[in-house]
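Asks: Here is how the chains run, residue by residue.
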Amino acid sequence: METLNFALRRIARLLLTVLLIATIIFFVIRVIPGDPALVIAGVDSSDADIAAIRARIGTDRPLAVQYADWLWKVARFDFGRSLISDQPVLSLILERFPLTLSLSLLGLLFSIVLAVPLGVLSAVRRWSGWDFLGLGISQVGMAVPSFWLGILLLLGLAVRVPLFPLFGSGGLRHLVLPAVSLGLAQAAIQLRLTRASMIEELAKEYVLTARAKGLTERMVKYKHALKNALLPVITIAGIQLGYMLGGAIIIEQVFSLPGLGRLFLFGIYQRDFPLIQGGVVFVAVVFSLINFAVDLLYAVLNPKIRVR
Amino acid sequence: MEELLRITDLDVTFQRAYRTPRSSAGLQEEQGPIRSRPSPAGAAHALRGIDLTLASGEVQALVGESGSGKTVTATCIMGLLPVPPGRINRGSILFQGGELLALSEAERRRIRGRRIAMIFQEPGKCLNPALRNGEQIVEMLVLHLGLERPEAERRALELLERVGLPGGRRVLRGYPHELSGGMKQRLMIAMAVSCSPKLLIADEPTTALDVTLQKQILKLLLGLRQATGMAVLFISHDLGVVHEIAERVSVIYAGRIVEAAGKRELFERPLHPYTRLLLASIPEAGKRGRPLRAIPGSVPDAEHVPAGCSFHPRCPLAESICREEPPDRREYGDGSGPHAAECRLVGKQWPPS
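Residue numbers (the working numbering), protein chains in the order written: chain A, 90 to 397; chain B, -3 to 349.
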């Protein structure tokens, strides 16, 4: 009962969020300059041609009607067709989503593998070489824009020393540099958080108890304190995965990866309304689902908030 | 009775302002952020030559106000004094005839939890919220006694029964937050006695509990002492509780033991003015309606301990000599047992209030 209640509330919140985002994006892309009919018709078209295209794609109708029509379709998982390629928006998105998702997951994996051990080491050996390395990495990671890091990595490890492919997709090797570019900034945040959280836990009274029980320092730190210290890190890492889906859009440009980013970017260039709207709603749903999953995971890991 | 613990002339200072060393090991790492460099003036004299003996199986209370050095004493016995900022300047802690202060950290660790155990004031904060109750007991049995897990789990179940914590396996599988305050303290006690220690240090174990629970926990501690023969060093500021549990009482003030005697002796014939004032400040049902008596002033800041007798600024009997020279510890026992006190004016007439 409790669990069902929790799930229902979360789903209601998810739907509300998505509705809000859908509404905002619908009106925003209609406020910014640019008319899809003009893009489709081309420069030399007559007013009649343009009017005909508007009638075909439905942009001649009142805004409220377009909005209601679109929402009604979205509610039935019909995202419409691309104005440019005339393919179903959903299949366009689903075709490219795996690449963006694997890029984001790989970026997250990279950031966790780098940040969590180093953050713990930083906390346990404060003001040691490890700590300064960790603090240095996190400073740099937060300061360097990911696209610039991507370009540097390409120049260094794909051009100067050709360890990795310069562009294109087709395997894990193509995703390494983009994932590193994407993950470093997230690693910086995770590192600081892990360090702070571990330091905080080590100062708590149960750590004193653990020592008073005669446990080894290793058990005190890596069994007693770490288990508590990782809880906030997991929450943040989950939220970061959502952000990385967005961040991947830029990185895909740098590395010429045919993911969601490029799809949406071209959609925006060409004022492909259904594609932009569908894309944003899709990302919003994925983002919300990830947060939902993180909440569930957190509940599993933190006995205090475990839902029964 | 056989002597279990003898603390002699234990002197501890705390550096208030200090800088954490960059590379350090063990307990030294978890101190606060970088602060200014140590200044000799910033040293707090937490313990100024503590003398304390504890016999095997004895329940002794260590009584004093907050900041008097009770917990620092316990921390030193456990070997958990954070160094820095803490520093043991001199003294000795003999446990079962061996010098604890001469042992390595690894040797001290093997004593902690196994031969000397400790329970704390707030069981709610002292249990690990992320570990199952059972694991928190079992890990000790596995580590100290080398038991296999199934055997350790059986022992953990027995321990729960011994400390009067109903629920058996369900409790072992559960987490601390599911337990009430009293149950948490029972779990702490189960952990503490799991390896049959010779000495249990109980640092205000009942202060965070309500009066009914206090009684139950005290009864439990006394019962366990009876069954196992362990000694208990009971740290408290509450003389009412001390009266119920202790056989001997040491009164600590500003980092020195100012009076030590058998419980009866101390409650009936207190020698030190501080003890007398402490006893007079116990609230009693018979005194209902009359204002509570409190000792004027407060425990001196360990950085500014008064010269001479440290109690003289609050002492109604103080004479000019008290301001100048610290008193000696002297024995006043009259055959019914030792009774030591540290005051020049023992026997002086109390001023009419």
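It should be emphasised that the hints constitute simulated quantities derived from the structure, not laboratory data. Since this is a predicted model, take the numbers as computed values, not measurements. All C-beta atoms in this analysis are idealised placements derived from N, C-alpha and C, irrespective of residue type, glycine included. One should not assume that every hint holds.
[Said to hold, decoys possible] Here are some of the chain B residues that sit facing chain A, going by a computed Cβ distance under 8 Å: (1) GLU103; (2) PHE116; (3) LYS121; (4) CYS122; (5) PRO125; (6) VAL138; (7) LEU153; (8) GLU154; (9) MET187; (10) ARG310.
[To be verified] Chain A is faced by these chain B residues, among others (derived, beta-carbon under 8 Å): (11) ARG106; (12) GLY109; (13) LEU313.
[Claimed, not checked] Straight-line distance between alpha carbons at most 20 Å, and here's what the computed SDA-like set of lysine to any residue pairs gives: (14) LYS121(B) / ASN391(A); (15) LYS393(A) / GLN11(B); (16) LYS215(B) / HIS233(B); (17) LYS312(A) / GLY142(B); (18) LYS393(A) / GLY120(B).
Asks: Does each hint hold? Answer for all of them.
Replies: Verification of the supplied hints:
no.	hint	result
1	GLU103	violated, 11 Å
2	PHE116	holds, 7 Å
3	LYS121	holds, 4 Å
4	CYS122	holds, 4 Å
5	PRO125	holds, 6 Å
6	VAL138	violated, 10 Å
7	LEU153	violated, 19 Å
8	GLU154	violated, 18 Å
9	MET187	holds, 7 Å
10	ARG310	violated, 31 Å
11	ARG106	holds, 6 Å
12	GLY109	holds, 3 Å
13	LEU313	violated, 40 Å
14	LYS121(B) / ASN391(A)	holds, 16 Å
15	LYS393(A) / GLN11(B)	violated, 38 Å
16	LYS215(B) / HIS233(B)	holds, 18 Å
17	LYS312(A) / GLY142(B)	holds, 18 Å
18	LYS393(A) / GLY120(B)	holds, 13 Å
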